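**Q** Under this note's numbering, the first residue of the sequence shown is numbered 11, with each subsequent residue one higher.
Be aware that one or more of the hints could be misleading.
Said to hold, decoys possible - DSSO-like cross-link-like pairs, simulated, lysine-lysine; straight-line CA separation at most 27 Å:
{"#": "1", "residue 1": "K306", "residue 2": "K38"}
{"#": "2", "residue 1": "K155", "residue 2": "K167"}
{"#": "3", "residue 1": "K222", "residue 2": "K34"}
Read the hints as simulated data drawn from the structure, not as lab findings. None of the values given here were measured: they were computed from a predicted structure.
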Amino acid sequence: MTLATTTPVPIAAEDFNTMLNFAKTIDKLQYEPAYLKALDLDLPETIDVQPEQPSILMGYDFHLTPDGPKLIEINNNAGGLWEKDDGWIPQSQHHELQGRLEQRLLNMFDKTWQTIAIMDEDIQSQYMLPEMQTYAKLLESDGRKVFLLSPQDLSLKDDGLYIGSDKVDMIYNRHTDFYLESDVMQDIRQAFVGKQVALNPYPRSYALVGDKNRMVDWWRKDFLCFLDADTVNLIHSVVPETHVLAEVDSEQAWVNRKTWVFKPAARHGGKGVLLGKGMSRKRFEALDIFSTVMQKLVPASQIEIDKKSYKFDIRLYMYGSNLVAMAGRAWNGQITNFREEGSGWTPITVK
11 MTLATTTPVP
21 IAAEDFNTML
31 NFAKTIDKLQ
41 YEPAYLKALD
51 LDLPETIDVQ
61 PEQPSILMGY
71 DFHLTPDGPK
81 LIEINNNAGG
91 LWEKDDGWIP
101 QSQHHELQGR
111 LEQRLLNMFD
121 KTWQTIAIMD
131 EDIQSQYMLP
141 EMQTYAKLLE
151 SDGRKVFLLS
161 PQDLSLKDDG
171 LYIGSDKVDM
181 IYNRHTDFYL
191 ESDVMQDIRQ
201 AFVGKQVALN
211 PYPRSYALVG
221 DKNRMVDWWR
231 KDFLCFLDAD
241 TVNLIHSVVP
251 ETHVLAEVDS
261 EQAWVNRKTW
271 VFKPAARHGG
281 KGVLLGKGMS
291 RKRFEALDIF
301 STVMQKLVPA
311 SQIEIDKKSY
321 KFDIRLYMYG
331 SNLVAMAGRA
341 WNGQITNFRE
351 EGSGWTPITV
361 K
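Can you make the complete structure from the sequences, with help from the hints?
**A** See below:
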């Protein structure tokens, strides 16, 4: 797969500033005591671990509309910056992006993390393996020792996790068991909770920001009352109206289904997303009302590349309140793996 285009796609400065301000606002929200109190989450103990470092490469995905950018989802371990045929996606010369991309990426990895495991489920079969191999080479060029592995490759000893005779300082987590709940993740969970290994991205960032149920919370009446009016307006202007199916009138949701999209709260990357306009009554009634969120449909942006029209969205890659990178995605059909010829990532420039 290659880039959809090497020509940067221009986006308006006003849209860029809105997206960046939103991402910074949501990052800051994680540290608001009133936010934590309002959530009152009944979640695994893994979210009680609050690392000193921000979560690595939080991906904020947006559609651009005449009414401004609209959030589609927040990814807790966003990939896509490396195109195996084209290298790193070229980055805009913008004051928010200081220095070289490679250095901004390295800056996310604390200097105390000298032995790093890049981990994913059955890692050798992952579509994004070439990108993870590139991160390994980048970290090795900075003097780190790096292993690409699956969870079962790690061994738990009294003082932490090991790969062979090497004690692991940090796991760059590309796995989607965000709360470390599956059997294969239990050694990692024990070491992480016991502060014997750094894990990043980590469960807390998913719980407070990445979980689609947070978008439901942000739309609950008076939930954000501890914030000033301008901040609430920013969040509501960017996040499409979102509810959990269990908390709405089911018949009304069915009648108005064409204006909604239905998403499993616990999945990522567009998996399991259903457009209401194409849904049968039988499929609608089979939805788990407690784990399905419904969000106002925001059609993808449209761009033209080589005289062909594509759907289009924007991803900001954040490290805390710092912008690390940005890229566009152009596609038709299914976005997953850009199956249609000509689909792919695009550079972005702010005009």
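**Q** Give me the numbers of the hints this structure contradicts, sorted from smallest to largest.
**A** Violated hints: none; all satisfied.
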